[in-house]
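**Q** Spelled out, the chains give:
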Amino acid sequence: MAWELDVEQLEVRFRALQKTFHPDRYASKSDFEKRLAVQTAATINQAYETIKTPLSRAQYLLELEDLDASQETHITSDGQFLMDQMLLREALSEIRGSENAKEALVSLSIEAQQTAAKIQSEFASQYQQKAYNKAFESLAKMQFAIKFIDDINELEAELEDL
Amino acid sequence: MALLQISEPGQSPQPHQRKNAVGIDLGTTNSLVATVRSGSEVILPDEQGRNLLPSVVHYESEGVSCVGYEAAEHNSSDPLNTLSSIKRLLGRGVADIKTLGDTLPYEFTSDEGGMPKIKTVHGAVSPIQVSSEILRKLSGRAELALGGMLDGAVITVPAYFDDAQRQATKDAATLAGIKVLRLLNEPTAAAIAYGLDAEEFDNESQQRLVAVYDLGGGTFDISILRLSKGVFEVLATGGDSALGGDDFDHAIADWLRTELELGETLDVVEQRILLEVAKSAKEELSQNEQVELDILDSSLVLTRDTMYQLIDDLIDQTLLACKRSMRDANIKADSIHEVVLVGGSTRMPRVAEKVSELFGLEPKCTIDPDLVVAMGAAKQADVLVGNNSTDDMLLLDVIPLSLGIETMGGLTEKIIHRNTTIPVAKAQEFTTFKDGQTAMSIHVVQGDRELVSDCRSLARFELRGIPPMVAGSAKIQVSYQVDADGLLNVSARELTSGVESRIEVKPSYGLSDSEITQMLQDSVSYARDDMQARALREQQVEADRMLEDLQAAMDKDGSALLANSELQCLQVALQELQQFRDTSEDHRQLAAQIEIVGKTSEEFAARRMDASIKQALAGLSLDDALK
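From first to last, the protein sequence lines are chains R and E. Residue numbering for the first sequence is 1 to 162, as defined by this note's numbering. Residue numbering for the second sequence is 1 to 627, as defined by this note's numbering.
Next comes chain R alone, as it looks inside the complex (with noise of 0.2 Å):
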């Protein structure tokens, strides 16, 4: 198994399946069926999503591992990873309220993105290698890193809706 993801296959079998198990298949069927019907349903979208995303895709790949990926914040020892993330914060909050936010905005954007590809990309090869304590550590990475991705669409929002 790898990290790597042929996402239009996934979404085939995801539709596919959804075809035979939505509830709405079973609209004329008995209530107790029905409610099969949802249960199934929504453990289909719960798999899908798990997998699309990169960020639950890699707990998840973790915790098939038997690493408990589930906690909500990891905490990483990279001090130089700290610090950059410190700055790239720090320019953010700098952002807001500035005469050319809308382009710094982007650029920041751009910085972000490629630091949580190759973030990913170093997850891919570690779990590759099933140097699983390293994952472990990526994935700490991986939240920092798409939090701030959050944060920046956050604020971009912000700066359209005006």
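Because the hints were derived from the structure by calculation, they are not lab data. Predicted model, so just to flag it, every value in this text is computed and none were measured. Please note that the accuracy of each hint is not assured.
[What the hints assert, rightly or not] Here are the simulated lysine to aspartate or glutamate pairs, DMTMM-like style, with alpha carbons at most 20 Å apart:
| hint | chain 1 | residue 1 | chain 2 | residue 2 |
| --- | --- | --- | --- | --- |
| 1 | E | K426 | E | D448 |
| 2 | E | K332 | E | D305 |
| 3 | E | K354 | E | D294 |
| 4 | E | K354 | E | D312 |
| 5 | R | K134 | R | E4 |
| 6 | R | K147 | E | E413 |
| 7 | E | K279 | E | D448 |
| 8 | E | K323 | E | D313 |
| 9 | E | K332 | R | E4 |
| 10 | R | K34 | E | D96 |
| 11 | E | K98 | E | D267 |
| 12 | R | K102 | E | D328 |
| 13 | E | K323 | R | E158 |
| 14 | R | K102 | R | E154 |
| 15 | E | K426 | R | E49 |
| 16 | R | K34 | E | E542 |
| 17 | R | K29 | E | E602 |
| 18 | E | K323 | R | E94 |
| 19 | R | K52 | R | D150 |
| 20 | E | K332 | R | E160 |
| 21 | R | K29 | E | D328 |
Go by the hints and put chain E onto chain R.
**A** Frame of chain R; chain E shown alone:
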């Protein structure tokens, strides 16, 4: 255009096998009902050939006097007893009414539970009751046209409706004696009517993105869908369940009041007249550059440009919601292949113009925007009721607003995020705050704001009987389940002791099941005997369905999944049900028997579901998706 389907001679499906299924669009301004005939969707008109039914109910002291066009005639003469735009109040609490209050010229009362009611000469009526009158009128129209009882209906709701508004819609249908197959989001219904899933797709992996912009009389929805062969997948939805063409009317009416120096103190009749003039001026300006208005002994001119100044802010609000939804779906405007316009208010050239500008596309509106939603609902109803077994259409919708619970300090803890595909189930664990704490109260809210007070309160319930433990050692698991209709179910369980509390989320201003039953029994529109006969007929249909279904399942999987003794047990239960079905005159007795067979067959149903899951996943593992 859909082609007429003609069967081979001698092989035409027997008429009695076809079920009566309809789609109902319960609108703010107009409502309508549609069905599928010979493979294409048709609106069922009234006896005068009119498609629409104005969503207006007129009350007199004995009760409802009329619904629809007739009721609308009382608008100006008897405004307080002529209820229109009731959808704006459906599933709302007293607090919401205050903000909507000045746009709705009614007098309100609220009962103990806090559900607002409208004062009429007949007494106080709830928005659910009023809506059920409209639904009843439509189902009556459909039964007449189809020549028999309805087997089920798909009822459309704005995609942005929250749980309380959806539940209220479903309650109104139940009250009208309609079996609800599904609540369907209006934009999704429109996409179905356009058949956008079938266009230009050769294989399973081709797909395209479509935005459905739906501006009705009182609600606005935007849905971003990804379409592939036979699949409608909603990526994100947004909107405003209190913004629509009505608000344009009010903006114009306010302008008229200022221009004519009428002051603030207009009586209800004058207000209604002003609104009606505003509405017709708005409609006329869709055709002409300016319109001359004669009103309350004065006359003046309204130009398009002036009207645009009055309504542009409102339209801009809808565009903002469109942008938000695109962001939620993580797509840019230029990757959208098609924009579809739905809802009567999109007839205004200004709306189409601004939407076209935002998406950089000429919007599509080849199906009448007033009819398209009902037509899509009819198509879905036809599939759900089993008339169209060849159609493998699949709808994947999302929850429009996040669901969460209240935590310390009045903050919301989100449990299910907006735009999550439904059905969805999530569970979360909580613990006790104090030593020996034996109860915990849980407050479920819906909305995307941080503070509980800014979100919609859906329900409060208490979990009692937690065994006394040290603070922090009890484990309370709260499970949320949202079904395909977007309706929420919550249950809570203390994991170390198994204490369980299950509630169906019914907002404090909604109706309880027993209230609905009571209201159904009190309903004046059915004579007592009629109701008995109807109820018996419904149970017979249910029994037939069960007999047929279960027999087929046993023939297919019985020997593989059941032990001999289990199989015999089920066979006996079926025989007994058949006997009751053929002889019983009492619908309660028959219902009880159906329930028994249902219970007896649950284990079998569960095993069949497991077997088909195993089959669907046979030979596949996570490795197949992950390279």
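**Q** Hint by hint, say whether it matches the structure.
**A** Status of the hints after comparison with the structure:
A hinted pair counts as satisfied when its Cα atoms are at most 20 Å apart, and E:K426 with E:D448 qualifies at roughly 17 Å. In summary, the hint linking E:K332 to E:D305 is not supported, as the alpha carbons are separated by about 31 Å, beyond the 20 Å threshold. Note on E:K354 and E:D294: the hinted pairing is violated, with a Cα-Cα distance of about 30 Å set against a maximum of 20 Å. The straight-line distance between the Cα atoms of E:K354 and E:D312 is roughly 9 Å, inside the 20 Å bound, and the hint therefore holds.
A hinted pair counts as satisfied when its Cα atoms are at most 20 Å apart, and R:K134 with R:E4 qualifies at roughly 18 Å. Pair hint R:K147 plus E:E413 holds up; C-alpha atoms about 17 Å apart against a cutoff of 20 Å. With a C-alpha separation of about 34 Å, the suggested pairing of E:K279 with E:D448 is violated against the 20 Å cut-off. Note on E:K323 and E:D313: the hinted pairing holds, with a Cα-Cα distance of about 15 Å set against a maximum of 20 Å.
Annotation: proposed proximity of E:K332 to R:E4 is violated, straight-line Cα distance about 25 Å (limit 20 Å). A distance of roughly 34 Å separates the Cα atoms of R:K34 and E:D96; the hinted pair therefore is violated under the 20 Å criterion. Proximity of E:K98 to E:D267 is assessed by CA-CA distance (about 19 Å); at most 20 Å being required, the pair is judged to hold. Between R:K102 and E:D328 the CA atoms are separated by roughly 19 Å; this keeps the pair inside 20 Å, and the hint holds.
Taking the CA atoms of E:K323 and R:E158, the gap is near 11 Å; set against the 20 Å cutoff, the hint holds. The hinted pair formed by R:K102 and R:E154 meets the criterion: a straight-line CA distance of about 12 Å does not exceed 20 Å. Between E:K426 and R:E49, the direct Cα distance comes to roughly 13 Å. Compliance with the 20 Å bound is thereby established for this hinted pair. Restraint check for R:K34 and E:E542: satisfied, since their Cα atoms lie roughly 15 Å apart, inside the 20 Å limit.
A hinted pair counts as satisfied when its Cα atoms are at most 20 Å apart, and R:K29 with E:E602 qualifies at roughly 12 Å. With a C-alpha separation of about 25 Å, the suggested pairing of E:K323 with R:E94 is violated against the 20 Å cut-off. Proposed proximity of R:K52 and R:D150 is supported: the alpha carbons are some 17 Å apart, at most 20 Å. Between E:K332 and R:E160, the direct Cα distance comes to roughly 13 Å. Compliance with the 20 Å bound is thereby established for this hinted pair.
Taken as a hint, the R:K29 and E:D328 pair is broken in the structure, with Cα atoms around 35 Å apart against an allowance of 20 Å.
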